[in-house]
Structures are given as C-alpha cells and as structure tokens.
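Visitor: Residue numbers (the numbering used here), protein chains in the order written: chain A, -9 to 465; chain B, 5 to 307.
Read the hints as simulated data drawn from the structure, not as lab findings.
Please read these numbers as outputs of a predicted model, since none were measured by experiment.
Even for Gly, the Cβ is constructed at its ideal location relative to N, Cα and C.
A couple of the hints might just be wrong.
Stated by the list, open to error - Chain B is faced by these chain A residues, among others (derived, beta-carbon under 8 Å): (1) T62; (2) D63; (3) I67; (4) D69; (5) L73; (6) F104; (7) D111; (8) L112; (9) L129; (10) E130; (11) E133; (12) A242; (13) E243.
Claimed, not checked - Covered stretches of chain B (in silico footprint by chain A; criterion: 3 or more residues with CB under 8 Å from a CB of chain A, positions within the stretch not fixed): (14) 31 to 38; (15) 79 to 93; (16) 230 to 244.
As the list claims (entries may be wrong) - Pairwise CB distance ranges, derived in the manner of DEER restraints: (17) A:R60 <-> B:G280: 20 to 30 Å; (18) B:F190 <-> A:L32: 51 to 61 Å; (19) A:Q158 <-> B:K274: 48 to 58 Å.
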Amino acid sequence: MNIREKANSNRLWAIAGGVNIRTKILGIVLALVLLLGAAVTLQVRATVSKTMNIQLEEQSVSTSRDLAARATDMILINDMYSLHQLLLDTEANNSNVRYAFIVTPDNQVLAHTFGDGFPQDLIAANTVETTEHHRTVILETDEGKVWDTAVPIFDGQAGVARVGISDQQLHQTVENITTQLLITTLLVSAIGITTAALLTWVLTRPILQLVRATQAVGRGDFSHRVNRWANDEIGDLADSFNNMTVQLAHAAEEHAEREQLRVRYVNGVIAAQEDERKRIARELHDSTSQTLTSLLIGLRALGDVCPQPEIHARADELRSIAARTLDDVHMLALQLRPSVLDDLGLPEALERHMADCRRHYPINIDLAVNGLEERLPPNIETALYRITQEALTNIFRHADAETASVIVERRGNKVITIIDDDGKGFDPHHMSNNNGHLGLYGIRERIELLSGTLVIESSEGHGTSLFIEIPLPPE
Amino acid sequence: MRQICVFLLIILSLLGCTSTQDQPSVYLSDRSPLPTIQDQTVVPLRVSVAAVISPQGTAESYQPLIEYLSSKLNRPVELVQRRTYAETNQLLQAGKVDIAFVCTSAYIAGHDDFGMELLVAPQVKTEAVYYSVLIVPFDSPAESMADLKGKVFAFTDPISFSGRVYPTYLVAQLDSDPSDFFERTFFTYSHDNAIKAVAEGLADGAAVDSLVYDFALQNDPTLAQQVRVIHRSSAFAIPPVVTGPQIRPQLKATLQEILLGMDNDPEGQKVLQLLGFDDFVTIEDAAYQPIREILANTPPLTP
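Please work from the sequences and hints to get the whole structure.
Guide: Okay, here's the thing in structure tokens:
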C-alpha cells in the first residue's frame, strides 16, 4: 500500500469514524438502495431496449410482409382506393408504424401514408432484390431510428412494399420504465431511510443509555441501571454492565468503609503521636529541664565553694555540658511539641520555629502570615505546623536552597499555604519513596485527612513550590 | 457526502450515455411533392383478363401470353386487371383496353350493350365449350342443388355465367330464388377462390367454371379429397377473347392472326400449354345462343 492509498484509507476511516452509528446505518441503507435501484434501472433499460429492438425489427418484417401479401391483388387490379386505405389502416393499427408505401417495379411511389409530399432519399434508402424474402435496414432519420423493411410484392412484379417502424414509442416506453424504476427507487429509499432510522433508534437507544450510565459510573454514581431492551448482544452487554455496576458499588462501599477506618486509624495515630510528643515534651520541659537546671545550679555552687582551681575548672566544664544539654533538651521539646502552638497559636509557633531554623541552618527564611487573627481548629493548626516543619526539613536536607519562604493565608473558609524555595528542585512525576520523598507522602497524607489539596510545582534546577489548600470546617 | 454526490453523478452520466444519436441520413419531415407519372412514349397494347381466377393467378398464368404477344407485336403489352367483369366491360367500352378475355355472360352483356366484338375463342380438349360444375365439400351429403337449400352458397362474380347465372337458373328451376333458397350467399370474385371457399368449408356449395376447376385440380391433386362435383351443366360456348368496338380493324386482324397461329409456333405452343388451351379458333356469336336462352329463363340478378 503506497502513501497515497494509505492516506485515502485513513481519510475514509476518518469519515467513517467521524459519523455516528445512526448516520452509518442510514448511509449503508441509502447506498444499498440507490446502488440496487441504479443497477436494476440500467439492467432493465438495457434488456428492454435490446428486446424491444428485436421486436421492432420483427414487427417491421411481419408488418411489411403482411402489407405485401394484402396489397398484391389491389395492385394487380389497380384498386388504388383500397390500397391507400390498406396503407392507412396499416399505419393506424400499428402505433409503431411511422410510414408505409408501395413502390412500383420502376421505382415510382404508387401509394404512401405521408399525406403531403414524400421524403427525399427515402426510396433509395432501402432496396430489395426480387428473389429476397425481405431486407431490413436501420435508418437514422430526423425522428430517430426507423427499421425500414422492403418486401417484394408478387416476386417483385407488383413492386415493393416498404414499412418503417419508428423507435419513438420504444424510447417513450424505456423512459417510462426508467422513470417508474427511479420513482420506485426513491420510494424504497424513503421507506428504507424511515426503517433504518427506526432501526438505528432501536439499536442506538440502549447504547446511548449505556453511554449515559457509563458516564454516571465515571462520576461515581453507581445507582444508574440500564434497561435490557432486547434479547441480543446489546441486551447481554446491558446485563453485564448492570452486574458490573452492582459489583463496583459493592467494591466502592467496601473501599469507603476501609478508607473511613484508615482515616480514623491514621487520625488516631496522629492524635496519639501528638499527645505522646506533648507528654514527652512536657516531661522534658518540666522534669528533665528542671533536673538539669538544678544540676547547673549545683555545679555553679560547687564551683563557688570549691577553691581548688582544678575542680573549679572541671565543674565549669561540666556546667557548660549541662547547659548545652539543657539547650538540646529545650530544642528537642520544642521540636516535639512547641507548647507555644497550644498557647499562642500557629503564627507565633511558626515564627519561633523559623527563628530556630535560622539559628541552625545557613538559609534565609521568610514567613508571611495573613488573616490568622482568629485561632484555627487545633487539628488544622497542628497539621499546618507539622507540614511546614516537614517541608522546611526537606528543604534543609535536600534542596541546597539559599532562600525559602512560607506564606500562610486565610481566604474565606479555607487556608492557603505556599512553601517555596530556590533549590535544585525535582521532577514531581518521578517521586520515589527511597529518595527522601517520604516526607512529601506524609504531607499529602495529612492534607488528604483534612480534605485538602496539594499541588507540587517543581522542575530540576528551578526550585520547588508547594501549594496547599485546606478547607475550614463550617463554624 | 461528496462520495455520494460523485456516485450519483456517475449513475446519471451512465443513464445519459445510453441514447447517443448518429447523424440522420433520411429527413422524414423534409417532404417534396411526388413527380407525376409520365405518360409512356410508346403506347402499350393493353390486355385485360376478366377475374375468372384471382388476380395473382391471372398474372401468373397470362404473363407468358403477354410476353409472347409483346415479342410478336414488337411493342410493350400491359396486363390490366379489375375486380369485376363489369369493370372489365367498362374498360372495353371506353377503349382503355384493346383486347380482353371475358366471361360468356360478360360477352353477351357487352355485345348487346355496346357492340363488343368476338376475336377468337380458346379450344380445350378439341372443343370450344365449357361447363358449369356444382361443387360441395368432399364430406357433404348433398347430391343435387335441392340438397343445398338453407346452406351457404358462394357465387363467383355478380355477372359470371357459370358462377352466378347458372346456379341461379338451377334454383329458379326449383321455383325459388337464391336469397330465399340459401341461408346466405357471398361473392368470391374469382372461380379459384370459390373452390377454396368450398374446400375450406366457408361455403357449403359453389358453381364454378369447369376449365378453372380442371386446371385447379391439375395443379393441386389434393383438391379431389376436399371437394367433389355433384352436377355438371350441358356444354356452353367457351368464354371468348373479345375486342372493344373502337379497335382498328388492322390491329384486330393482326391479333387474330397471331392468336390463331400460335399452335403452329413452338413458342406459341408452350404458352398455350401453360394456359391449358389447345389452340385458338374463330367463333360466331350464334354459339352463345343457348346461353342467351338460359339468361332469359333466369330471374333478374340483383347486383
């Protein structure tokens, strides 16, 4: 198949595929009827023309033989009136006869049916030997084809009888038949189109219903059922579709239950984790910090009361270790669960976290908070805090960024959070668990628990932006 | 949609292609008046043969005689036929034919009306006589004219002696006339057609010229199985060859000489044989007296 054929075939497919089934079936029916009608019309025309041509020739011969036989006596007894009457009768009784005339042996017209005058060249157009039975020639005249037969009368002694059979009536008949056939074809086409339209309606109705039902299933609506219209393949498809929908609905129900369980479980885990962290943080703050503070005070007192420089130096050293440890414990407690989040709210907690980060990492961090004068629900505050914490940790660890910014803004009944950096970025479509992206999964999980959305925009070398939108529960 | 249009166009063009016309060679509408038939420069001798037998039979039988006369006279001879004896008589009276072979009653009528003249008479079996024979279909039970009462009867010519006058005479002998005696009668205008009418059962009986009957039987022997003769008249003088009253005496003498001398000429003998004649002889008007008597005893003929 060369390129052009392939292109044509593609175009054909494009045309065939571009129309709906209704049009296809209508097209097939119309094409079939028209093709059949045209073929039958042509065939009938050809056959009728052929048959009638043969019949005209036979009629020409038989009419002129009859005329010759009946004219013999009239010519011999010179009965011109009867002869003329015979010619007129011959013409009148055979609608195909265009003319009839008698030629004497010396080529004079004895009688004819033309009335006024006689066509030139007609006598010479056909001649017959006296020994011949007859001779027929097809004359091309100004009135169409004429089968002219010459028959010798009384072996030529009484002249020649000539009869011309015109094909005008044949043409008329053929035209009539053609018209009838074409009208029939058009009628059948109309009936065919109506029937095909009905048929396609019957055929496509269940298919269209199936399409609507599929769309509904696609939207998650499993309540749609299709009717089984006919006991055929489409009926089977409808049944199978209904079964599938039932099973899908069942599966979706199970899935929803499991999801609910999971959400409850994850919520429980997160709450327990937060509680645990809060407890540990409080423990660290209240108990361990106090103990370390006491240790510091004790070491200072020890240094003060002990005059020996060596012990003094050792006590100072231990005191500085204890002070660092206290700082670490503070830091740890803060990271585990900043009490400021519970006490002063998200903006303050974030501000303090940022300050800590600035202290520990060589990076510029901006924070902008808008519209959070009112406190958010505790679970959302915790989640946003943890998300920001996780995202910043990712940036510090993987992004090699110089600056990072965090924007938290309340817009109506939702909270928008944007965290971006100018680091090396990554391809968000190729995240894998073992590549330090576990944090992102944690972020997504938290957002989805709150029915929020996460959009990650990033590409290699162009930094990363996280767009987080969390709806607020109605007041 | 474009394909459908192309498809329809192809069909239409196919329909249109089927009627291509060639240049006409004859124009039927271009008519001009026929030239009037020119008078012949050489005036032919015109011979008429009364319709004893059908026009085709006459033309076939008399063609050799016509050609013989033409060669003897060295001038064209034309055969003129008419449907009835009366028409032939009118041609003779008007001088439109020169000689004629006529029926006996036609001669008597012509002789008495306008002076038709006897030229010669043919001899058959050495006699210049003939008979009227009454024929019926072969399986008919009829044995005489009386048995044909209420039947269909075929006359030959309205003034034929053997075909109409004699059977009417026979019916008159039975004290009736043909319109009452027969159920129906019709004219065949020739004797051979009357024989065919009886043979084919169109008529239950007919009276015909014995010369024609014998000649027909000779040409078609199967006729003997189709018709039979139930009555034969007494001998009557044979139908003569006549001339009109205006004929030039010299031509009449020349014609008489040729016809009477035919049996001495080998060519003439052949022609006579084809006509079924032995020879031609002279004949007197007195020979037809018995026929005049029969005519006198026959009721007037309705045309």
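Visitor: Which of the listed hints are not met by the structure?
Guide: 5, 12, 13, 16
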